[in-house]
Structure formats: C-alpha cells, structure tokens
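Residue numbers (this note's numbering), protein chains in the order written: chain A, 1 to 408; chain B, 1 to 408.
Simulated from the structure, these hints should not be mistaken for laboratory data.
Treat the numbers as computed from the prediction; the structure is a model and nothing was measured.
Careful, some of the hints might be misleading.
Which stretches of chain A does chain B cover? Using the computed rule of at least three CB atoms under 8 Å from a CB of chain B, they are [said to hold, decoys possible]: (1) 53–65; (2) 75–88; (3) 354–363.
Some chain A residues near chain B, calculated using beta-carbon distances under 8 Å [claimed, not checked]: (4) Val268; (5) Phe316; (6) Gly323.
Computed spacing ranges between beta-carbons, pair by pair [to be verified]: (7) A:Asp374 x B:Gly30: 34 to 44 Å; (8) B:Arg90 x A:Glu364: 46 to 56 Å; (9) A:Glu5 x B:Gly30: 43 to 53 Å; (10) B:Glu214 x A:Arg159: 51 to 61 Å; (11) B:Pro372 x A:Arg159: 31 to 41 Å; (12) B:Thr28 x A:Glu363: 14 to 24 Å; (13) B:Asp128 x A:Glu363: 21 to 31 Å; (14) A:Glu64 x B:Pro372: 52 to 62 Å; (15) A:Glu363 x B:Gly30: 20 to 30 Å.
Note that the Cβ used here is the ideal one computed from N, Cα and C, for glycine as well.
Protein chains: 2
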Amino acid sequence: MAVGEDKLPELLPVPGVRLATVSAGVKTAGRRDLVLMELAPGSHCAGVFTGNAFCAAPVTVAREHLSRSAGQPAYLLTNTGNANAGTGERGIADARACCEAVAAATGVAASAVLPFSTGVIGELLPVDRISAAVPGAVDNLAEDGWAAAAEGILTTDTRPKGASVQFSCEGRDYVVTGIAKGAGMIRPNMATMLGYLATNAAVDAALLQGILREAVDISFNRISIDGDTSTNDACVLVATGAAGNSELASADEPLYRALADAVEEVCVALAQGLVRDGEGASKFVTVEVKGGVSEDECLDVAFTIAHSPLVKTALFASDPNWGRLLAAIGRAGVPDLDVNRIGVYLNEVLIAENGCRAASYTEEQGVAAMAPEDIVIRVELNRGDVSASVWTSDFSYDYVRINAEYRT
Amino acid sequence: MAVGEDKLPELLPVPGVRLATVSAGVKTAGRRDLVLMELAPGSHCAGVFTGNAFCAAPVTVAREHLSRSAGQPAYLLTNTGNANAGTGERGIADARACCEAVAAATGVAASAVLPFSTGVIGELLPVDRISAAVPGAVDNLAEDGWAAAAEGILTTDTRPKGASVQFSCEGRDYVVTGIAKGAGMIRPNMATMLGYLATNAAVDAALLQGILREAVDISFNRISIDGDTSTNDACVLVATGAAGNSELASADEPLYRALADAVEEVCVALAQGLVRDGEGASKFVTVEVKGGVSEDECLDVAFTIAHSPLVKTALFASDPNWGRLLAAIGRAGVPDLDVNRIGVYLNEVLIAENGCRAASYTEEQGVAAMAPEDIVIRVELNRGDVSASVWTSDFSYDYVRINAEYRT
C-alpha cells in the first residue's frame with residue numbers, strides 16, 4: 001500500500017555528479033542493490049547523520065571520511081539489503097573494505113569514499129560480493145543515473161522517491177536534485193532514511209552544512225511513521241560548483257535564499273514521499289498545530305497525535321474519532337493547557353471545541369472528512385501565534401504484517 | 001487473545017465494603033454495566049487520577065467530591081460503555097446527576113458519591129438509564145460482590161482482573177482485595193484503567209494516600225500496552241477500619257509495612273493482569289534494565305523498548321530481532337551511553353554484547369527463547385547499580401482490528 005500518485009518525477013542531471021546502479025547480490029541475487037555516486041573534484045559535501053547511540057558502522061566511517069576529506073569526498077557508495085549495523089568492530093572493518101574497493105577501482109584515497117548501508121540489522125556485510133561489483137559500477141557512471149539510483153537504494157519501500165527543482169539567479173541556471181529511501185522506523189531526528197541531494201552551485205562548506213541542517217529540520221525531522229529511529233540514517237547535500245558561479249560565501253547573497261528554498265522544496269517533497277510510502281500506509285496525514293506559544297509545544301502536540309497508535313488505527317478505519325485526538329492533545333505535556341480554548345478540525349470540518357464535540361458537528365461531516373486519502377488534522381491552541389506541522393501515516397494490518405515478517 | 005491463565009482468583013470480602021453489579025443498558029441492553037460500591041461510615045478513601053489535561057467529567061467530579069467529603073465518601077458508582085469524556089459542561093452536569101441518583105436512593109449527600117466512567121469517548125452519558133438502575137443496585141449490595149464487579153467494569157477486556165492478599169499483624173487478620181479494568185491505551189501515569197482496592201484496616205487518610213501512590217508508581221505506572229494514556233483513569237484505595245485496629249497513623253508501626261506490601265502485591269498482580277489481557281496481546285513481556293546510574297535512565301531504556309512498534313511486532317512474530325532491541329536502546333536518550341558495555345538477554349540467552357550479536361549466540365537459541373508466551377528482555381547497562389522493570393505486550397493484527405473497529 002502507498003498513498004497518492006506513484007510516478008517518479010523527471011530527475012534532472014546535476015552537472016558534476018555521475019551515478020551507477022549495479023547488482024552485487026547483497027541479499028537477493030540479481031537485485032540492483034549497489035549505488036555509486038561520483039562527485040567532481042572540488043565538490044563540497046554536507047551531511048547529517050543518525051543520533052542513535054548504536055549508530056551503524058558505515059555511519060561511523062562516513063563521518064570520519066567526511067572529516068578526513070575536508071568535506072570533499074570523491075565517491076558515495078550505498079548498498080541495500082544489509083545495514084551493517086550491530087556488527088561491532090568487524091562491521092567497521094567491512095565498511096572500510098568497501099571504501100578500499102572503490103579506491104582500488106578509481107585511484108582515489110579510501111578516505112575520499114563515504115559508505116552507506118541500509119537493510120537488515122546484525123548480519124555481516126558480504127564485502128567480497130560488494131567489492132566484486134564496484135568496478136562494474138565505475139564503468140557505468142552516468143549523469144542521467146538518478147532514477148535508477150532512486151530504485152537501487154530502496155528496502156521495504158514500494159516505490160522510488162525523487163524530486164528536482166530548477167531556478168535562475170543573477171543570470172545563471174541552477175538545479176537541485178534529490179533521492180531518498182525509507183518506509184518504516186521513521187521519526188524525528190533522522191530515522192531509517194537515506195537521502196542524497198546535489199546542486200550544481202558552488203557553495204562554501206560551512207554554509208552548505210547550514211542549508212542542509214535547516215532543510216532537514218523542517219522536512220525529514222517533521223515526519224513520523226512509527227516513532228522508531230534507526231541506526232543508519234544519513235542525508236547528504238553535494239554542491240559541485242559546475243554552474244561556474246563564484247562560491248556562495250554569505251547568507252546575504254541573493255543566491256543563498258534561492259538555493260536554500262530549492263533544497264528545502266526538494267527535502268519536503270522527499271520527506272512527504274517517505275510518509276506516502278510508509279509501511280502499510282493507506283492515509284497521508286498532515287498534523288497542523290496553530291496558535292501555540294512556542295514551536296516546541298506545537299511540535300509536542302503534533303507528534304503526540306502523529307505517534308498515537310489509537311489515532312493511527314482510527315485513521316486506518318477512516319473513523320473521525322475526535323475523542324482520541326483530544327486524549328492525545330491532553331497528554332502532550334503542554335503546561336497550563338486550557339482545553340476549553342482548543343479547536344480541532346478534520347479537513348476543515350470543526351469537530352471539537354470547548355473540550356467537547358462541536359455543536360455544529362455531525363457524524364456525516366466527520367465521515368465525509370475522513371474519506372479522502374489525504375487528511376489534514378488541524379489543532380488551534382488559541383494561546384499564541386506560533387505554528388508547526390508534521391506528516392504521518394496511519395497504522396494498518398499491513399504495518400504489522402510487514403514488520404512481523406521482515407526477517408523471515 | 002490474552003496471555004496466560006484465565007481464572008479469576010478467589011476475591012475475599014472486605015468487611016465494610018458491599019458491592020452490586022446491575023444492568024443499566026448504557027451501551028448494550030442486558031449487559032451488567034453498572035457497579036455500585038458502598039463504604040461503611042468512617043471509611044477513608046485515597047485516590048490517584050489521570051494526568052491527561054482533557055480529563056473526563058467524572059474525574060473532575062470524583063476529585064471534587066473526594067475533597068468535599070474529606071476523603072470519606074459513602075459510595076463509588078462506576079458505569080462502563082461510556083467514558084463521559086470530551087463532553088464539556090454537559091458531561092459535568094451528567095456526572096453530578098448520577099451522584100444525585102445515588103444520593104436520592106440512599107439518603108447520603110451527592111458529594112459523598114464518587115462517579116467513574118469508562119468506554120467510548122465523546123458520547124453523552126445516558127443519565128436516565130443509569131439513574132433508573134441505581135435503586136436496584138442499592139437493593140443488591142453484598143459483601144461477596146467483588147467477582148461480579150470485576151466483570152461489570154470491563155470494556156474491551158477479555159477477562160476480569162482481581163486479587164486478594166491476607167496477612168496478620170499483632171494478632172489481627174487483615175485483607176486487601178482489588179479489581180481493575182483496562183486493556184488498551186495503557187502507559188505510565190495512569191492510562192485507561194480503573195482500579196478499586198479495599199482493606200479492613202483502619203488507616204489515617206494521609207498515610208493511606210501515600211501507600212496508594214507508592215504502590216501505583218511501581219505497578220500501574222510501570223506498564224505499557226500502546227503508549228497512549230487516557231482521560232478517565234482512576235485508582236482508589238479504601239480503608240474501612242472494620243478490623244478494629246487503632247488507626248494506623250505512622251510509617252513506623254509494624255502494620256504499615258505489612259499493609260503497604262499487601263497493597264503493592266495486589267496492585268502488581270492487577271497491573272500484570274492488565275498487560276496479559278492487553279488488546280491483541282499474545283506475549284507477556286517483562287523488560288528489566290539493570291546496571292544503570294539512575295532509576296530514570298533504566299526506565300527510559302525500558303519504556304523505549306516497551307513502546308517500540310518494531311520491537312512489539314517482532315515479539316508478535318516470535319522473532320529474536322536483537323537488532324531492533326539495540327536500536328531502541330540506542331535512541332532512549334541515555335547520556336554518554338557506551339554501547340560496547342551493554343549485554344542483552346532474551347529469557348536468559350545472551351543475544352548481544354560489545355555492540356553486536358554475542359559470539360556464543362545461535363539463531364536456534366533465539367528462536368527457543370522467544371517461543372514461550374512469557375518473555376523476559378534483560379538489558380545490562382553495566383554502568384551503575386540501579387535496576388527497574390516494566391511490563392508490556394506485543395503488537396498484533398488483533399490490536400489493529402480491535403482499535404480500528406471499536407466505534408463501529
């Protein structure tokens with residue numbers, strides 16, 4: 001199951017980035033499960049990684065290599081089918097060995113390669129099969145490889161996610177293209193997801209990191225499928241400089257806002273794509289909380305709703321169960337919450353106010369509001385002027401089936 | 001589905017308490033859905049209530065009446081089928097009207113009656129039907145009514161929960177009997193549960209409140225079924241004084257520890273009974289965290305495991321998925337957690353150490369450890385000497401079915 005349109009949009013090449021997707025047989029013979037991305041010399045790469053204390057071996061090595069290459073890696077290598085997580089010292093050595101295979105095939109230093117893995121936790125990585133597939137990947141690098149790469153990084157996802165945005169600034173044309181994967185174990189602070197974005201702009205390394213962090217905070221960190229967070233998450237943003245602009249070095253330049261907006265647009269599209277393809281998802285739900293005193297309290301309310309299994313099973317049933325919504329709002333921990341000032345809307349139908357069902361509300365209105373695949377739950381706290389939104393999916397039989405059967 | 005033995009133990013009468021369970025037709029005609037408890041004059045009653053900001057009308061009224069009766073109410077009235085929550089001012093009036101019906105039938109003040117409701121949120125209480133059933137309840141009050149009351153308070157529960165403990169102290173015989181309901185929306189800080197305990201001891205009101213609070217903290221506040229908390233939770237402890245002891249007035253008296261232990265034993269039995277009957281439960285899971293620096297960090301780790309949908313679906317599948325356990329431990333937010341010092345056991349089988357699968361571990365051992373209905377997950381943090389345990393259940397198709405269909 002997945003919600004909404006299935007079609008991958010056209011993914012525009014980013015001059016300076018070439019990609020190849022080949023089969024290494026990591027978990028399933030014949031599956032195209034290995035993606036190599038080549039970054040033109042001089043490209044800057046920013047990255048954000050999982051906050052899980054049990055971070056996977058490739059995350060440790062990718063962080064280290066990003067630092068050792070001074071933010072200018074030459075290759076990104078991603079395998080699916082195996083997360084190389086919970087694999088201890090051996091896992092670290094295996095991640096390094098994969099980087100060495102790329103180094104041997106291309107002549108760069110192993111520290112110029114960032115490794116990424118996703119899939120089953122706790123199995124040893126089949127390094128030999130991955131290494132054997134690397135030379136074939138190097139031979140097949142191409143600028144138009146984004147769509148195949150979007151397929152190659154998937155695990156339990158049912159469809160690829162990608163987005164491109166073009167814009168012009170001061171007479172130059174720019175592009176931002178991104179792909180992402182992740183369908184479960186998704187919640188704030190970088191859940192099981194991998195995201196790769198690139199632009200042809202030339203951008204100072206520190207500024208690039210700031211643009212990525214800001215965009216991730218309001219996109220990937222605003223989604224929740226099941227409240228779990230993963231050991232392997234990573235999102236990178238590459239700036240190749242192939243556009244030929246003088247390096248963006250200040251947030252005051254016109255290019256800064258234009259680029260940051262484009263990166264944000266791509267990140268939001270990818271994040272919403274992850275939720276629409278959430279494990280077992282049959283609804284795409286936007287939870288908007290308005291009228292809060294602070295962004296934190298708006299997010300507390302929004303995520304409490306988004307994480308509630310009772311709300312999520314009601315969404316699966318298309319049941320306008322406003323009682324479960326009120327119960328979730330009430331336990332979100334907002335200090336001095338006056339429940340009598342709160343309004344709750346389902347797709348613009350006022351369902352609850354003054355601490356109870358709205359006088360104007362009818363069950364028919366609620367049923368009609370819950371019928372579409374896309375649902376907006378809006379909570380008006382009426383105590384301030386801050387707002388925040390998160391996106392989530394419902395909780396279905398299929399969610400249980402997928403996660404009960406995943407390893408078997 | 002439910003886990004373990006189905007038989008309600010013998011529930012011993014508590015001199016000074018009489019109970020009646022009758023049918024008011026709140027939601028289903030003929031269902032015995034109304035429970036009246038009468039407390040002998042002079043009884044003290046302690047209570048703890050939900051922390052949800054959207055607390056239900058009966059909770060508001062029960063708190064107020066407990067205070068107005070100086071902790072000495074004469075009657076407790078409980079209906080199932082309707083939670084009288086999210087019903088605003090009308091709900092408050094309805095809860096008061098139910099108290100007045102008891103007052104009219106018995107001659108006590110309405111403020112000497114505590115109302116309790118459980119069931120669907122957001123529907124108006126059928127006060128007329130409840131009021132009409134009260135006189136019949138008054139006529140049927142009896143000391144041996146505990147087992148019928150344990151049935152009468154249920155909602156989605158599949159079986160009644162009750163426990164009795166007897167003990168002697170300084171030549172007198174004492175009894176503590178309790179019943180509880182609740183099968184979903186259960187997590188720390190008083191989830192959807194109602195609990196009623198009584199003892200024949202005479203106990204000072206403040207001391208009684210302390211005994212109840214302590215017992216609730218390590219029983220009902222240590223269980224989680226789905227991470228949701230309710231608007232209606234309440235647990236009361238009545239001390240009738242029928243044993244004839246001089247009123248217990250100090251924690252230094254021998255009776256204090258004996259009584260507190262008995263209350264704790266009953267609360268733990270009831271709390272575990274709630275988990276065993278958790279919505280869709282097929283496993284009863286104890287999560288023990290040892291070797292922590294503080295109780296808080298042990299509980300953070302234990303509840304992160306207990307709330308994880310990925311761990312819970314793996315438990316449903318009897319899948320020894322230690323990778324998901326490590327991922328949950330890693331995101332529990334424990335500061336400076338050294339993952340290489342952690343050991344994880346499934347029913348005494350060491351499955352993970354040094355941040356990865358234990359060298360001694362075999363998949364066969366894991367499968368064997370996961371086969372029983374009762375599972376102990378033990379996490380050894382090896383950084384201090386504090387421990388804490390919580391109890392939870394798994395996440396099954398039936399959980400989704402029950403909660404997707406509940407209102408229809």
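Verification of the hints:
no.	hint	verdict
1	53–65	holds (count 3)
2	75–88	holds (count 5)
3	354–363	holds (count 4)
4	Val268	24 Å, violated
5	Phe316	5 Å, holds
6	Gly323	3 Å, holds
7	A:Asp374 x B:Gly30: 34 to 44 Å	42 Å, holds
8	B:Arg90 x A:Glu364: 46 to 56 Å	21 Å, violated
9	A:Glu5 x B:Gly30: 43 to 53 Å	50 Å, holds
10	B:Glu214 x A:Arg159: 51 to 61 Å	53 Å, holds
11	B:Pro372 x A:Arg159: 31 to 41 Å	39 Å, holds
12	B:Thr28 x A:Glu363: 14 to 24 Å	19 Å, holds
13	B:Asp128 x A:Glu363: 21 to 31 Å	22 Å, holds
14	A:Glu64 x B:Pro372: 52 to 62 Å	43 Å, violated
15	A:Glu363 x B:Gly30: 20 to 30 Å	25 Å, holds
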